[in-house]
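Asker: Read off the chains here:
Number of protein chains: 2
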Amino acid sequence: MLIGQLESGPMRFGQLRDAVAGISEKMLTQTLRGLERDGFVTRRSDAEISPQVEYRLTPLGHSVLEPLAAVRSWAQHHINDIERSRLAFEKD
Amino acid sequence: MLIGQLESGPMRFGQLRDAVAGISEKMLTQTLRGLERDGFVTRRSDAEISPQVEYRLTPLGHSVLEPLAAVRSWAQHHINDIERSRLAFEKD
Chain A
1 MLIGQLESGP MRFGQLRDAV AGISEKMLTQ TLRGLERDGF VTRRSDAEIS
51 PQVEYRLTPL GHSVLEPLAA VRSWAQHHIN DIERSRLAFE KD
Chain B
1 MLIGQLESGP MRFGQLRDAV AGISEKMLTQ TLRGLERDGF VTRRSDAEIS
51 PQVEYRLTPL GHSVLEPLAA VRSWAQHHIN DIERSRLAFE KD
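From first to last, the protein sequence lines stand for chains A and B.
If you read the first sequence in UniProt numbering, its first letter stands for residue 1, the second for the next number, and so on.
If you read the second sequence in UniProt numbering, its first letter stands for residue 1, the second for the next number, and so on.
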């Protein structure tokens, strides 16, 4: 989750691309644009320092971290239950 | 969310179809099958009482209610922020 990646602070496009294994630049661009449109992320370039664009969480972005963490934690605890259920379901 | 519908007890296919506005029978069948495969729901018919099939949450299904409620509550509180952001984004 891109939002989770930005929890510890602003990141540049290349840093985000490297942090999310397997994501294409096209998908990353579209996802960031969607997150910006929905108000979770801001996109800023600080021309004096560097021409590169930085992405950072907005207050809205920070506020969604908690429910997302609850879902992620649930999933980590129960992924084995789901896989066991799928195996049993396929056998029936 | 179908899982949320089953929180208060078992329901039959027709009851679920009526409870989730706009869902097609094909989509409801596929979704229930997926929830059963992943272990969130059981599908049981009690031939002595009635030939109809009943769907009910498993313990795993009950356990996911809490994180889902956290996301739903967050969304209800912030949907206006997202819509405001989208309007502003479209204007830029």
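No lab work stands behind these hints, which were simulated from the structure alone.
Treat each hint with caution, since some may be false.
Same chains, same label: a pair holds when it works inside one copy or across any pair of copies.
[Said to hold, decoys possible] Lysine to any residue pairs mimicking SDA-like chemistry, simulated, CA-CA at most 20 Å apart:
| id | residue 1 | residue 2 |
| --- | --- | --- |
| 1 | 91 | 5 |
| 2 | 26 | 59 |
| 3 | 91 | 62 |
| 4 | 91 | 77 |
| 5 | 91 | 33 |
| 6 | 26 | 87 |
| 7 | 26 | 78 |
| 8 | 91 | 80 |
| 9 | 91 | 44 |
Asker: Between copies, within a copy, both or neither: which fits residue 26 and residue 87 at Cα up to 20 Å?
Answerer: Close neither inside one copy (35 Å) nor across copies (24 Å); limit 20 Å.
Asker: Taking 20 Å as the upper bound on the Cα-Cα distance, should residue 91 and residue 77 be classified as within, between, both, or neither?
Answerer: neither (24 Å within a copy, 43 Å between copies)
Asker: Between residue 26 and residue 59, at a C-alpha cutoff of 20 Å, which is it: within one copy, between copies, both, or neither?
Answerer: So residue 26 and residue 59 fail the 20 Å test inside a copy (26 Å) and across (40 Å) alike.
Asker: Taking 20 Å as the upper bound on the Cα-Cα distance, should residue 91 and residue 62 be classified as within, between, both, or neither?
Answerer: Neither. Shortest intra-copy (43 Å) and inter-copy (24 Å) distances fail the 20 Å Cα cut-off.
Asker: Treating 20 Å as the Cα threshold, decide for residue 91 and residue 80: within, between, both or neither.
Answerer: within (17 Å within a copy, 46 Å between copies)
Asker: Given a CA cutoff of 20 Å, do residue 91 and residue 5 count as a within-copy pair, a between-copy pair, both, or neither?
Answerer: neither (38 Å within a copy, 28 Å between copies)
Asker: Is the C-alpha distance from residue 91 to residue 44 at most 20 Å within one copy, between copies, in both cases, or in neither?
Answerer: This pair counts as between: shortest inter-copy Cα distance 18 Å, intra-copy 53 Å.
Asker: Tell me, please, which holds for residue 26 and residue 78 at an alpha-carbon limit of 20 Å: within, between, both or neither?
Answerer: neither (32 Å within a copy, 28 Å between copies)
Asker: Please work out whether the CA atoms of residue 91 and residue 33 approach to 20 Å or closer within one copy, between two copies, in both situations, or in neither?
Answerer: between (43 Å within a copy, 15 Å between copies)
Hints 1, 2, 3, 4, 6, 7, counting from the list given before, are not met by this structure.
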